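Just so you know, the sequences run in chain order A and B. Just so we're aligned, residue 500 is where the first sequence starts under the working numbering, counting upward by one. Just so we're aligned, residue 13 is where the second sequence starts under the working numbering, counting upward by one.
Rather than coming from a laboratory, the hints here were simulated on the basis of the structure. It is possible that part of the hints are untrue.
Stated by the list, open to error - Cut-off 20 Å, straight-line C-alpha distance, at most; resulting in silico cross-link-like pairs (SDA-like, lysine to any residue):
| id | chain 1 | residue 1 | chain 2 | residue 2 |
| --- | --- | --- | --- | --- |
| 1 | A | Lys512 | B | Ile90 |
| 2 | A | Lys514 | B | Asp122 |
| 3 | B | Lys125 | B | Glu37 |
If you're wondering where the values come from, they're calculated on a predicted model, not measured in any experiment.
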Amino acid sequence: MVIMPFTQDDQVKYKALYLQTARQYVTNLQANLTKLSGGETKDIIDTLHRDSHSLKGQSLMMGYQAVGSLALLMENIFRAKTEKTLDLTTEIITELSAGVKEIGLCLDEIDKNNKELDLNSNIEKLKSLTKVS
Amino acid sequence: MYLMKLLLVEDDKFFREFYSTKLKEKGIEVVTAENGEEGLTQLQSFTPDIVLLDIIMPKKDGFDVLTEMGKMQLLPQIPVLVFSTLGQEKDVEKARLLGARGYVNKSFFDFDKLYSRIIELSKK
Chain A
500 MVIMPFTQDD
510 QVKYKALYLQ
520 TARQYVTNLQ
530 ANLTKLSGGE
540 TKDIIDTLHR
550 DSHSLKGQSL
560 MMGYQAVGSL
570 ALLMENIFRA
580 KTEKTLDLTT
590 EIITELSAGV
600 KEIGLCLDEI
610 DKNNKELDLN
620 SNIEKLKSLT
630 KVS
Chain B
13 MYLMKLLLVE
23 DDKFFREFYS
33 TKLKEKGIEV
43 VTAENGEEGL
53 TQLQSFTPDI
63 VLLDIIMPKK
73 DGFDVLTEMG
83 KMQLLPQIPV
93 LVFSTLGQEK
103 DVEKARLLGA
113 RGYVNKSFFD
123 FDKLYSRIIE
133 LSKK
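Can you make the complete structure from the sequences, with help from the hints?
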């Protein structure tokens, strides 16, 4: 992925806004993944898709490739679900929840130390389970 | 005195605030809408020089907005640039077929390019 991140000024200026909105998406994703255990609805899946899509977009724009990459994979998983090419098994939902939790920890690391965690193992596990890339 | 009036239809708060601020700094008046339904309501109250339109949104997505704008015969006079992100190539093509004049990739940020594109399209 070729990314043209912000200038340093923009990064500093918009970091707080990014963290605020990204953390809200993490909260929403966790809540909706939990709701899935009570039964899937189109609304829940659509919201999961939109939220992972938005989280991806703003993360990549800020230059946060790890969060962006995992969010992109999640977006593609939810899109596959809406297109009925994938079923969300309990195992997949569990792994998605683990991934969202890791994104939350990554945001904390970005906040404190301005760097990301390595999210590759979450990405590889999800790819392996879902065959989505 | 603003250069032009732009309608930004975008559900994500981060992008909405970022693009509003950046465009206003360039002398563009920005009216925002948080979803497609609000965007269409705004289009009933004023005619923007250009629309920046996200695709994936709640309460009418970008495709719905383009379809409605087509029915309202707004597309010949109001250019629409759709926002896309990585992985949305098919969506961009669908938006073009519905009348969008072009797209801006939010993931690969280049504000100067966006600004030039806005100026170029709004003059046609």
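Violations among the numbered hints: Violated hint (a single one): 1; every other hint is consistent with the structure.
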